[in-house]
Structure formats: structure tokens, C-alpha cells
Amino acid sequence: MRKLLLAFLCLAGLPALAHAQGAPADTLVVLRSADSDNYDPARSTARAAGEVAYMLADTLTSIDWDMKTVVPGLARSWTVSPDGKTYTFKLRDDVTFCDGRKMTADDVVYSINRWIDPATRSPVRWRAGPVKELRAVDPTTVDYELTQPFSELPYQLALFFASIVDRNSVEKLGPNFGVQGFNGTGPFCWSSWTPRGDLVMTRHEGYNWAPPIFKNPAPQVSKVIWRVIPDSNTLLAALQSGQGDVTQYIPYVALESLKKNPSLHLSNQPNYFWDYFIGFKVDKPVVNDPVLRRAMVMSVNRAGIAKAVFFGAGDPANALLNPAVKDFDPKSKEMEPGFDPEGAKKLLDANGWAAGADGVRAKAGERASFTLYGFNDPISARITEAMQADLRRVGVELKLQLFDATIAWGKLATQDFGAFLMSYPYVSASDALNLYFPSTNRPTPNRMNWNDARTDEWLTQARTSLDAKQREEALASVQRQLTEASVWIPLVREQLWLASSKRTQGARAHGIYGVGLYKGLDITVGK
Amino acid sequence: MRRLLRDPVAVAALLLTLALIAAAIFAPWLTHGDPYDNDLGSAMAPPGEEHWLGADDQGRDLVVRLLYGLRLTLLMGAVSVAVGGGIGTLLGLAAAFYRRADGTIMRLMDVMLSFPAILFGLAIAAIFGPGATAVMLALVVATIPLACRVARAAAIVEMGRDYMEAGRAVGLGDGRLILRHLLPNCASSLLVFATLRIGQVILLGSALSFVGLGAQPPTAELGAMAAQGRTFLFFAPHIAVVPCVAIFVVVLAFNVLGDALRDALDPRLRL
Amino acid sequence: MARHVIQRLLVAIPVLFGVLLVGFLLMQVVPTDPAVVRAGPNASAELVAQIRADLGLDRPVAVQFALYLARLLQGDLGVSIINNIQVSRELGNTIGPTLELMFGALVWSIPLGIFLGTLAACRRGRPIDRLVMMASVAGVSVPVFFVGLVLIWFVGFKWELLPFTGRGGPIWTLEGLQTLALPALTLGLVFVGPVARMTRTAVLDVLGADHVRTARAKGLGEFPVVLRHALRNALVPVVTLIGLQIGFLLGGAVVTETIFSWPGVGRLAVGAILSNDFPMAQGTILVLAGGFIVVNLAVDLLYLVLDPRVRA
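Chains as they are written, first to last, in my numbering: chain P, 1 to 527; chain X, 528 to 798; chain A, 799 to 1110.
Hints are computed from structural coordinates only; laboratory data are not their basis. You may find that some hints are simply not true.
Stated by the list, open to error - Result set (EDC-like, lysine to aspartate or glutamate): computed pairs, CA atoms no more than 20 Å apart in a straight line:
#1 P:Lys502 <-> P:Asp26
#2 P:Lys411 <-> A:Glu958
#3 P:Lys307 <-> X:Asp566
Here chain P stands alone, though its shape is the one from the complex (with noise of 0.2 Å):
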């Protein structure tokens, strides 16, 4: 077979028989599995956007690997008002944009308005918190006012959507803007961009202001091309073969692999929260059950879809939030039902859920079938198949509707489903909570319909709260009650792992809003 092979090639006088061309020296190729619609950090709120914004641009502040503390970005350093409303951030004076003009407070309020202002329309606003007015002081100082106080602030403004951006880019390129050109005052410049293809940046000449989580302030490659493969088996075998330098979409199958393999440097980030949930729409039919939506929590198998479908690269949730996350309430892990599809079928049998001919469940006329709509990636296909099967067995039939995710948010933000699969990034118990259950966040992010009061009130002590142990408790509450009512199967918890060729050093696994390669400083490529 190979000969045949061999033969063709020479036959079709094909060139170039030495081995495949590895990545040009001093650019840095990284591989990932999606490209995002644009690449304006205000308009865009994908894993992809992020981490080509971080690259791209600044923001005030920045996270440490510990993922807890807040660490200086573009601010020097910041005060907060004795009543928790007012923040003033100290800005670098040495900074300048990709075109060479000085980044000044103007910049930063400007960014910041433009990211908030309604006609923007990012879905994640309230991340900036209760905003009354951002002023420039003086060209270095900017006074952050908000109506309320906003304790996760300093956390908020180091997310990519938080990035500060060259007005006149903005304004010359409308909506092209993160689509033909972009103007940041990141550690790389944009260069050129092919939908669906590659992200190519150069370095930005001059820069020396990263935050100091990193040894060197400068980047020190000259290119980096973000190159989208999404065939995960292509994407494994360029990493392999040297055509692609580092990446975080390692598809799962293959990591105990890549971990032995002596060409390759594979880097975890311990501290990640990025979880995988099944929500139920708590006032949609068959699903307002609570005693259904226990039983179910009771029947999927999440170690065994850890094990089948994360291969070991993810770690099954059986607390609605991770233990290790700030804020996390012990106690709602011990309320979480574990596997026990015995005793969901007990349960349901107990409480009216009678077996019909066909095998599915149903109780005063209604069958126990719903439809789950969610992404039409490959973790989220053979996460869902596994548990369609494991509902199957206790009576319950799950309809999936899979989507691109292009139209995924859109479907998602309808109420023609009973329960939905998704994936998040978050870094605090504050984070999470305020981001899916208030009520006044209904219909999206809240899918859920979760519609309380108390836990609207738990949640704005939390976030509004100057006091820890205040917020925590709140925090404890919020948890409980949402594991006692079963409005999430927390899944599984994704781990992250960033792979790097052997001519690339120093590639490290950040993790931020699930970036794995957060600025790309500290790396080099060799030859």
C-alpha cells in the first residue's frame, strides 16, 4: 500500500517528498477548533473572541494563575470609596495603541461606554456593574461611579469584553471593526484575518506594559497565526507532526497519549472553572416537576460520561459549583443526589410516575418526554446520547435538538424546550449565580425561568455586600436552595490542558473565561 502510494505521488509529480513543512521559525502557530463571528471584544462573547482579544488588547486588570487574585493591567493600581461605589483606577502613562498613539482615560471611558451602552448590545453588560458615570480625571486617573456597590468589579474588568480600544479605529471601521482591522494597545497587532481560517498578529513593537504575572513584559515571538482546524483528529495530527505549535482543543481521546509523548509539553491549569450543565426550564411541562428533575439528577451517569466522554480530562460535578471555586457552600455538595437510577425509579414510582406501554413514564396524562436543545459540537453530541440512554432506563425520554453554534444562542433564548446543555466559564460562586438566576435575567442567561425572590435577594447581598462573611452566607443560601430544587445537572467539570510543541517554551495554561494561552508572553519558538 505504501509503494502504491509512493508510486502515485511521483506519478502525479508531486514535490517536495521530505517531511512536512513545520511552522515558520519565530511565529508561533496555535490550532484551535472554531473561529468567532468577529473580533470586537464589546460585540462578541466566544471562547474564540477572548482569546484573540487578550492578545489583541489591554484590559485595566488582570487575574493571576491562582485564579483569585486581581493583579494590575493597564491600571497601576486602584482605590475603592469607603461605600463601595466609587473606584478610581490609576492608569500606566506609558502606553500606547498597535498605530502609536498614547492610550489615555479618555480611551478607558470610552471603551467601557461604548461596551455598556445599550445600542452595543452586549449580552453581558451587566458585568460592568451598576454603572452611573465613568470619568476622566486627569489623563491617568479615571473614576468608575457606580449606583451600587459591585464588590466582583475589579474581577469583571479583567474579562476580555472589558478591553480597551482605539476610538477612531472604532469609529473609522464601524461595524467592520474586530472584522477588518482592529486597533489595541495588546502586546500584538492585527494583521490580516480568513474567516474560518487563520488569525495572523505581529508583534507589537514597544510593548513592556503586561501585567505582572508574566517575566518578561515584551512579547518575544514576531508572529503568532491562530489557525482554525476543525477536524479534532487533523488538529491532533498537526500538533503531532510540528504544523502547529501549541493548543488547548486537545481532543480528550488523546491526552494520556499526548502526556507520554516526549515531543510534546502538556500544561494543566489547576484552578479552572469551566462546567458542563443540563438546565431545566423549571415552569415548562413535565419538567416543573421537581420530583422528575430529582429523579433525573439520580440517573445520569456523570462519573461514567467523565469517563467515556472526557476520558479522564474531566472530573464529574456533583455539586452544583465547583468545591474549589470562592464562595463554594459545602453543604450543597451534600445535597446533591449521587447515581442511583434504582432510586430515581423508587422515587418516581412513589410520587405517581407510572410506566406507560412504550416504557416512558407518565403521570395524569402527561408523558415524561421533553426536548433538550444544546450545541452540536462533539462533546455535547455524546454527552447528551449517553444521557438519553441513561434516562431511557428509568422511563423518561429525552428529545435532543442539537444546533450550529452560530444558531444555538438564538434557539436558546426561546422557550420551545424543556432542558438545555451548556458549558460556562466562571470564577467565583458570585459569578455563576448572578449570572444564571436572577430574576430579571429571564429569558437569557436565566433559560431556567427561575423565578424567586428570596434568591433574588440572596443574590444582591452578595454583589452588592461590603462584608465577606455577609456575602458568603448569602452565597451558602443561593446554593442550597437551588440543589434542593433540582434546577441543574451539574455535569461534568472540564479540565484544562494546553499542549506545545518542542520548539515552543514557556507556554503556560491561564485559563480565564476558559483562554488557555492568556497574551501569549513568556513563549518562545525555536527552530
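Fit chains X and A to the known structure of chain P by using the hints.
For chains X and A alone, coordinates are given in the frame of chain P:
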């Protein structure tokens, strides 16, 4: 027919095709397994005593999945060729019979042929949502113009024959003339076409599945199984290789049989 | 001859119009509202209505189609509703790579197919004929993606002979040629079979024809006969087949482009349709179907050159 049975390759293809069809029909009796019941513990188990052909990524036995997959794949192929071929044949016969309609029908067919089948698949999946039905519909649409051309070509030859003139002279109605006289005389061409087309349609269907528009998980369908298994090609190759080989064998059987049928029935037919 | 050409061109116009109409209508029946897609999940009803008005979606379908055609004539294919990129720009970026892929696949598979088909015909019934026919039947029975994945695994990965991701550059550069090799090999492999079969049948037909028999009787050797008379006449049906198979080739190209991350129209079309990017989907359909029509036109015209009977 006798000529067909003298060719050992053709006989082998015929027997293989019949065996595959029988296996598909009797799948539920050939195995007691459930193609949809998972066992995450034995996920990706290699071929061995417990699972002859191994287990897939959800720990489902591949022999069971293969039999049920074969069932659906063959059904999809047969239905789309039967429906598409039926419609196409009628159009083709009409085009040959009513010369005035010929231009219109054939231009319509040209338009249909201008859409590669894969684009039909994409568009139809966008309208009705991905699934086995969408694939079948796309394959039906893609089969119509081809069947129409074959039927028309065969019928035009027949139109010149004496019996058609004779039938007309006796005052037979158009419908009767077309269905009772014209159609049977084009049957050999159409049989060859249908046999070869089933193979092509199964290949096309698997390509549509590969792009994510085919039968959706957890449905056991060969194309979908191959598409799902390809993620693990380098680690558990059997998951993708088993359905891929099955597709290959099925398509090969139909193609060889079709070739043999053509040589025996209608050597001038070019397909 | 000129009359024939004009006639053929006139026939192509309604076909092209039909293609445009069907492509337009297909996108009309899709249940997802492009305005909603564009507005994003958190948009208000007023915003959606405004976007609908901006996109002209609130007008009657016939008007929309007329406007679409008018814009098309001006070369304006609209902009993507997902990322605002001009459709014509995206198409311009992707047509080249797809043509390269097709060219790379055909440039070796057609000569090889014709060679094998002729060889089989000359040695009819001998082992070499059987072998070629068996190989070609196997070739048309194997799924494209299986071929592609096997090639990636062995040629690309295990033996590290050739790269297999993306496109290194234009075809005239070394990188471009290297990255093109495996996709072109994959797509070409499924094309050799049909070409070989068709050539064999056509050559056999011609070998039985009178003038060839005469030539043989005149004592000309087998090879010159085949070359001078048989192959030349056999090329007509072969060329037709190749024209017809362009659609099949496009299907293969979509799959091949997906496996090899090849930035072509096929991959663009799949993405656009899956994400309900209507203008982009329409544009890709227009290009793919239009390309098919043009190729078939070219094939018809080539007929005239190759086949003296049509010329007369």
C-alpha cells in the same frame, strides 16, 4: 439472466446483496442486543470475545449497531431510489412520449442537475432540520433528474419501434400505452440504473452524514456511525472502520451487481 | 457551428435563472428569521423589525427576488448577516482554493483514468482488464472521507511525507503545492474509477466501429489504431462524463475541504447554510451551481472540437 448466472463475480455480488438485505430485514431476530442501550464502562472496547467487532464510544456493541445501521441505511437507499426513480421515470417517459413537453421537462431536469446533491442536502436540512428524512428527501431530489434522463433515453429508442405505432393505431390511450407498453420495455435500463443508483445514494448519504446533516445520534445508521466514529479514528479505529467497511461492502455489492446486470441486460447503457 | 454555440448559450440562460430562483426560494422557506439571527439573542422586537426593514425582508417575496437579481447584476451579492463581510469578498477568497483543489484532483486523475481505461480496453478480458475494472469499482464504492482520513493518518502523520492542514499558499508556491497534495490526492482517487470505466466503454465501442476495423485491416498496429482513432473518438463521452461528474466532484470537495481544513467554497457553503447566513448561502449556491453550468457549457463546446459529426 442466464448470462448473469454464469459470471462467478456477478453471482457472488448477487448472493452478497441478498445476504445484506436479509441481514437488514431480520436484524431484530439475529441479535438480542439493543442498539440504543449504552454501557459506558465498556466504551471503545476493542474487538474481542465480548464484543466481536468491539464497542463504540458509548459502549454499544458494534455488531448490533451494524445490523440495525445496515437496516436503516439500506432502507434509506431503497426508499429514495424507489421514490426518486419512480418520479424521474414518469417524467422521462412523459418527455419521450409528449415531444412538446420534452424541452420544458429536460430544462427543469438541467436546473435540478445544476445543484450538486450535497447542496440539496444542506438546503433541505436547513429547512426541515438535519435527519434521516432530510437526507432521503435530498437523495430523492438528486435521483429524479438522473432517472428521468435514463428513462427518456430508453423510451426514445422504444418510441420508434413498431409496437408503439401499432398500439397507437389500435387506439390505445396514452396512459395505457406508456405504462403497459413503453415502461416494461425500458425496465432493463431502469433496473440497471436503480441497482447502481442505490450504491451511489448510500455513498452520498454517508457524505451528508459526515457533514452533520444525516441521521442524528443516537440513530444507528452506517453513515452517521462512521461520522461519529471518525473522532476516534486514531485511538479506537474500529468504531469508524467497521461502518466504513460496511458502507464500502454494501456499495461495492450493488455496483458489481449493477455492472453485471448491465452487461447481461443492456450492454449499450452508459451509467 | 456559430449557430450551435449561440443556441447552447441561449438554453443556458433559463437554466441559470431557474438556479437563481430555486436558490433564492430554498432560502425563503428556511424557518429561521435572518433578522432574528442578526439581531442576536437579546434583541428587542423593535430592533428585529428595524433590521428586517433594513434587510428588505418585510417586502413581498417577488420584490425581494427582483431586488436580489438587480443587485446581482451590479455584482452586489450582499453582506454576511453573521459577520458583515461582503459575500463577494468571501467568495473571491474561497473560489481560488476550490479551483486549485479541483485542478489538483483532475490533473492527475483524468490522465490516469484515461490511461487505465484505454489499457483495459486494449486488453479486454485479460487479467489487467479485470484488475483495472475491479479497482475502479472499488474506487467508486469507497467513502471520500475514509480515503482522506487514511491518507492523513499514513502519509501525513505516520510517515510525515506531506502536510495536511489548511492551505500554505497559492498553487505556484512550494508550500501551496505541498498542502494541496493530499486533498488533491483524496479527491482525485475517487475520480479515477469513473473516468477509467467510461474510457474503457467508449474505447471498446469505437474499437468495434467500422473505420477502426478498417484501419486494423489495413495492418496498422494495435497501439496506433487505439491512439489515432479509438481514443480520439472515445474522448467525447469521456468529456461529457467529466462535465456531469463536476457535481459529484463538488460533493467530494465539500467533504475533502472539511477534512483538510481547505479554505474553499464548499466549506464556506456548509458553514453558511448551517448558520443560516442567507446572503452567503445564496452566494455559494450561485457560484457552485453557476460553475457547474459553465463547465457543462464548456464541455458541450468542446464536443464540437472533438466530434466532427456534431460540427457538421
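Structure-based check of all given hints:
{"no.": "1", "hint": "P:Lys502 <-> P:Asp26", "verdict": "holds, 14 Å"}
{"no.": "2", "hint": "P:Lys411 <-> A:Glu958", "verdict": "violated, 43 Å"}
{"no.": "3", "hint": "P:Lys307 <-> X:Asp566", "verdict": "holds, 12 Å"}
Consistency with the previously given hints fails for number 2 only.
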